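There are 2 protein chains.
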Amino acid sequence: VSTAQIVPDTTADEVEAVLSAAAAAAGPLGALRPAERARLLRAAADALDAAAGELVPIAIEESSLPEGRLTGEVARSSGQLRLFADALEEGSYLEVILDSADPDAKPVPRPDLRRMLVPLGPVLVFAASNFPFAFSVPGGDTASALAAGSPVIVKAHPGHPRLSQRTGEVLVEALRAAGAPEGTFAVVHGMEVGTTALTDPRIKAAAFTGSVKGGRALLDIATTRDEPIPFYGELGSLNPVFVTPAAVSARGDAIAEGYVGSFTLGTGQFCTKPGLLFLPEGHGLEERIADAVRGTAPAGMLNERIREGHAHERDRLEGIGSVRTVVHGADADAGIAPTLLATTAKELLADPDALLQECFGPTSIIVDYSGPEELLAAAEAFGGNLTATVHAEDADAPTLPPLLDVLRERTGRLVYNGWPTGVAVAWAMHHGGPYPATTASVHTSVGTTAIRRFLRPVSYQNTPQALLPEALRDDNPLGLPRRVDGELRPA
Amino acid sequence: VSTAQIVPDTTADEVEAVLSAAAAAAGPLGALRPAERARLLRAAADALDAAAGELVPIAIEESSLPEGRLTGEVARSSGQLRLFADALEEGSYLEVILDSADPDAKPVPRPDLRRMLVPLGPVLVFAASNFPFAFSVPGGDTASALAAGSPVIVKAHPGHPRLSQRTGEVLVEALRAAGAPEGTFAVVHGMEVGTTALTDPRIKAAAFTGSVKGGRALLDIATTRDEPIPFYGELGSLNPVFVTPAAVSARGDAIAEGYVGSFTLGTGQFCTKPGLLFLPEGHGLEERIADAVRGTAPAGMLNERIREGHAHERDRLEGIGSVRTVVHGADADAGIAPTLLATTAKELLADPDALLQECFGPTSIIVDYSGPEELLAAAEAFGGNLTATVHAEDADAPTLPPLLDVLRERTGRLVYNGWPTGVAVAWAMHHGGPYPATTASVHTSVGTTAIRRFLRPVSYQNTPQALLPEALRDDNPLGLPRRVDGELRPA
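Protein chains in written order, with the numbering used here: chain X, 14 to 504; chain F, 14 to 504.
Excised from the complex, chain X in its bound form (with noise of 0.2 Å):
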């Protein structure tokens, strides 16, 4: 496959057209029942299940990517297209609330009041580089923004842009089929079409997941657009890992072998990757670690921008005075093979600006800390993380709150002995986090909850029943969870 197959740009004609379908479909999408959307999710997440054969070999060209990841990333997909549809055939997310009228109601009658979210509207996804499929086309924005009943329009990463073209025809054609009105979902392409359509008065919420630059860039113009549109980006995170003597002493070598197995995981193309581990003084791991490291085969990364962003960046890290190297991952035909740091929280307090930057790609830093005042300085000097991750044994039980406490204001989730990469498709999963890890840390872009980002409230009021929607009528044909008169009542 040579390079010469690039998909075009899409054309200012074409864009056009798909703006304006996509604003025809906002109301007969918005408009279906919630079991009728979650058809059309199951039938989307059927449809890229069948053609995972014909796509995976497309993506494993394109990002240099294992076949096993890229299967696996399908399955995780169409498994988050399906979790969505049950979240919809549940009900909770339309958060329907009545509140009878009260005549007496004080100082001011209360009105018949019934609320309950509807969607925005025409959803823009910019895709990502690192998830050719869960966090693309077929990703976790375009499931929460179809769920939510608002069209979606993708602009695909040009890092696969093949995969993105033919990922859309599958979920275009199998939309269609299971009745979906047309402008449903489209796939554009080029980094100008992507703003052009970010300004477009018919787009009204935007997401996005990749580098804190490319992500600022497009808040900026979501925010200053003549209507400001909610931007939900996901930017970039160190996600540190802080490990107590107790649990060195207790698992020291599964803690080295863990470690280096996460932060090498897709040769560190993760926003979970952890950047830096905390270790007490003395702890001895070093050379365990490096032999893991030394162990660990290079890969290629996802692309050529990637690579050299990454040798840049660990160029820098290495080029820090206060920053040893411990083993150096060298660029080979081959690929990137890992590189690990090492330095002090000390140093890393004498200067955490220099240190505390993302290295997107297989590079993390060991850390040596004095005690447990000085992990806990450390700890406060990091700004907006997806997550933190901290290593301890029961015996650190008593002291361990102070840490979590400062971790929790920094992070969107915390992870206890275990690691930070993979992030589970649930109804719990937060994936988000304070700026820079997000553009929005009150949303998640991973979750069931996810949801939310796309959809707003609105309230009838004294409205009859039969012109309200069916979701708030008294006899909840839709079989609804609702809260009446304050109290909850599952469906």
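Since the hints were derived computationally from the structure, they do not count as laboratory data. Remember, it's a predicted structure, so these values are computed and weren't measured experimentally. There's no promise every hint is true.
Chain copies aren't distinguished; within one or between two, either way the pair holds.
List time: in silico EDC-like cross-link candidates among lysine to aspartate or glutamate, alpha-carbon distance up to 20 Å [claimed, not checked]: (1) K226 <-> E326; (2) K226 <-> E240; (3) K359 <-> D381; (4) K226 <-> D346.
Got chain X; can you put chain F on it based on the hints?
Chain F alone, transformed into the frame defined by chain X:
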């Protein structure tokens, strides 16, 4: 009371102390159990009620609003604090979701995940002019942010500085006496003080009620900071009312009176004031409406700036060739008399930008329409609004859904056979809407769900019981409603 009794701007040193105290209070305030924060809110509510006798006279002096209105507003504000206390005690607002570990999950095993919402941190509230209590120091933004567990700094509105200062003292004292952390609440004064605080990294969210111009300027500051923060602004709204021929036939006189009562209430200084009334051609109600307008006593406006702004916009509307002045309300010493204008839907559709501008004060426009198609086209000309109102009869029901669909797309609250002024504080209330009604249509500024603006999710992964927050423990010691493995379980 002379204008010399203006409260001076808060000094830079004082602002620094307030911000520092708020940052210090965030941890302890957020760590209180929901029922403990409910107690703080109830203490604040009681103190506000107890101080009404002292506060209302200051409010009368500073706002020109009548005593009955202000007394009602105190009751509304204390009731609002108590409703948020109810919501805290009920506990659903924490959105607790627990997923059991599933080692057999495909494509990857699922860890134990437990999600809840946690406070964002210190919130800056920009108080409004037109509700000296309910959208000011002790208003809905304050109540919902405190309920969330976020310390609050209110930037007082310059229209009622002494009231703001004194109300702040009452609340600070009540919160302190009830055991709230120092720094939980503060009031500051000065426009520059507000914009400076908005850029401070210790402020994690802001809320605002005011003009489109002012709100947009603050939105830009909030989103272009180094760390962008959520900015919940309620800006402007036209609140159109649509009346069917059948409603005119059945209740023309009542509609005429209700309309005038609503648009002149509070001298028209409500964000929900009906700015346009759509009536079928030949409605025959103009004289009746004009009489009611002429029969409405002139009343003072909140302040000179608002009086001038209203006069300027009213005069601009009167100067439009297609607008006819039915009643011109003169500005006199006794106050401002209401103004009634008239035009047609045809003229409105010919130049919507000229006519669809908010005129904050007692001026409204009757718009004659020729039939249902023209009415629908006129409805489609509107941008984001807080409310839209329909007056209709049972016989209209089959023809109304298209109109309601168009209006729902553009508004946060649909009022049927009522009037938009008067926003009930209730579980099911939504006070919001697409831009420019608000800067964040996904959220509300009134109703218990307003608390959601100041909370962000966190997930705990594989964390031992002893280290989990009480809300997430297996034994559910707080008695919270929770979702467990996908199933909603009331407390």
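Against the structure, the hints come out as follows:
1. K226 <-> E326: So K226 and E326 pass the 20 Å test inside one copy only (14 Å; across, 42 Å).
2. K226 <-> E240: Close across copies (13 Å), not inside one copy (23 Å); limit 20 Å.
3. K359 <-> D381: within (9 Å within a copy, 74 Å between copies)
4. K226 <-> D346: Neither way: K226 and D346 sit 29 Å apart in one copy and 57 Å across, limit 20 Å.
The structure does not agree with numbered hint 4 stated previously, though it agrees with all others.
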